[in-house]
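Asks: Chains as they are written, first to last, in my numbering: chain A, 44 to 157; chain B, 182 to 291.
Honestly, the hints are just simulated from the structure, not real lab data.
Where a beta carbon is used, it is the ideal one built from N, C-alpha and C, also for glycine.
Wrong hints could be hidden among the right ones.
Listed below are several chain B residues computed to face chain A (Cβ distance under 7 Å; list not exhaustive) [to be verified]:
| id | residue |
| --- | --- |
| 1 | 213 |
| 2 | 224 |
| 3 | 279 |
| 4 | 281 |
| 5 | 283 |
| 6 | 284 |
Below, a list of computed lysine-lysine pairs in the DSBU-like style, where the Cα atoms sit at most 30 Å apart [unchecked claim]:
| id | chain 1 | residue 1 | chain 2 | residue 2 |
| --- | --- | --- | --- | --- |
| 7 | B | 233 | B | 258 |
| 8 | B | 286 | B | 258 |
| 9 | B | 237 | B | 290 |
| 10 | B | 249 | B | 233 |
| 11 | B | 237 | B | 249 |
| 12 | B | 286 | B | 237 |
| 13 | B | 286 | A | 50 |
| 14 | B | 278 | A | 108 |
| 15 | A | 50 | B | 278 |
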Amino acid sequence: SAVISQKPSRDICQRGTSLTIQCQVDSQVTMMFWYRQQPGQSLTLIATANQGSEATYESGFVIDKFPISRPNLTFSTLTVSNMSPEDSSIYLCSVRDGQNNEQFFGPGTRLTVL
Amino acid sequence: GDSVTQMEGPVTLSEEAFLTINCTYTATGYPSLFWYVQYPGEGLQLLLKATKADDKGSNKGFEATYRKETTSFHLEKGSVQVSDSAVYFCAQGNFNKFYFGSGTKLNVKP
Numbered sequence: 044s045a046v047i048s049q050k051p052s053r054d055i056c057q058r059g060t061s062l063t064i065q066c067q068v069d070s071q072v073t074m075m076f077w078y079r080q081q082p083g084q085s086l087t088l089i090a091t092a093n094q095g096s097e098a099t100y101e102s103g104f105v106i107d108k109f110p111i112s113r114p115n116l117t118f119s120t121l122t123v124s125n126m127s128p129e130d131s132s133i134y135l136c137s138v139r140d141g142q143n144n145e146q147f148f149g150p151g152t153r154l155t156v157l
Numbered sequence: 182g183d184s185v186t187q188m189e190g191p192v193t194l195s196e197e198a199f200l201t202i203n204c205t206y207t208a209t210g211y212p213s214l215f216w217y218v219q220y221p222g223e224g225l226q227l228l229l230k231a232t233k234a235d236d237k238g239s240n241k242g243f244e245a246t247y248r249k250e251t252t253s254f255h256l257e258k259g260s261v262q263v264s265d266s267a268v269y270f271c272a273q274g275n276f277n278k279f280y281f282g283s284g285t286k287l288n289v290k291p
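Could you build all of it, start to finish, from the sequences and the hints given here?
Replies: This is the structure:
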């Protein structure tokens, strides 16, 4: 299984600012995903980030609001731009083991926007 | 479309009680099925999985059987502990996409 770390683990931010979340994996993976988990809710896929190509965003999410970088096979960043209190959520990085069809998650970044 | 439906929580049990969390799915193909667990303040951890019909996934005393005829993957444990208190997510997935249920919070009281 993959070991995934995220930074920061939590942050409190002011409205209108931006925060970049980092995701580091201990092995090379093709498929990386960013999810949002709002309080008491399930996971919502924001985008799929494959190395060497533009991220693919799900309905309701746009690149201007959630720009993603994927510079190599072990690292990705998600930026939450121009934040509002509605962006307060846990943001989870995830990778897929294509061989075993399993998906693994990072510990999450708990974001509070005031 | 593909989806996962699981029972709403919270589920509150006494220690050593029997646990069942229901999960059903709709799928156009033949997905693998998963249960994930999220302990307070942590990310999701894969608890168990089953890749084809009649497979039984098991881990840490939890088990679930892939029932194609009823499109279900119910999670069971014979005797829960306080340390099992967490949110449990059912999921289905293939190489294209994963779908998660809404999560069921389990509270186990001593």
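Asks: Taking the hints in turn, state whether each one holds.
Replies: Evaluation of the provided hints:
1. Interface restraint check: residue 213/B against chain A, minimum CB-CB distance 5 Å, threshold 7 Å, status holds.
2. Interface restraint check for residue 224/B: the shortest CB-CB distance to chain A comes to about 4 Å, inside 7 Å, so the restraint holds.
3. Given the 7 Å rule on beta carbons, the hint for residue 279/B holds: about 5 Å separates it from the nearest Cβ of chain A.
4. The restraint placing residue 281/B at the interface with chain A holds, with a minimum CB-CB distance near 5 Å, inside the 7 Å limit.
5. Checking residue 283/B against chain A by beta carbon gives a least distance of about 4 Å; that is within 7 Å, so the hint holds.
6. Because the smallest distance between the Cβ of residue 284/B and any Cβ of chain A comes to about 5 Å, under 7 Å, the interface hint for this residue holds.
7. With a C-alpha separation of about 21 Å, the suggested pairing of residue 233/B with residue 258/B holds against the 30 Å cut-off.
8. Of the pairs offered as hints, the one joining residue 286/B and residue 258/B holds, with about 15 Å between alpha carbons and a cut-off of 30 Å not exceeded.
9. Note on residue 237/B and residue 290/B: the hinted pairing holds, with a Cα-Cα distance of about 28 Å set against a maximum of 30 Å.
10. In summary, the hint linking residue 249/B to residue 233/B is supported, as the alpha carbons are separated by about 8 Å, within the 30 Å threshold.
11. Of the supplied pair hints, the one linking residue 237/B and residue 249/B holds, its CA atoms being roughly 12 Å apart against a limit of 30 Å.
12. The hinted pair formed by residue 286/B and residue 237/B meets the criterion: a straight-line CA distance of about 23 Å does not exceed 30 Å.
13. Straight-line distance between C-alpha atoms of residue 286/B and residue 50/A comes to about 26 Å, which keeps the hinted pair within the 30 Å bound.
14. Only pairs whose Cα atoms come within 30 Å are accepted, and residue 278/B paired with residue 108/A is accepted, the gap being roughly 23 Å.
15. For a cut-off of 30 Å, the pair hint linking residue 50/A to residue 278/B stands: about 25 Å separates their Cα positions.
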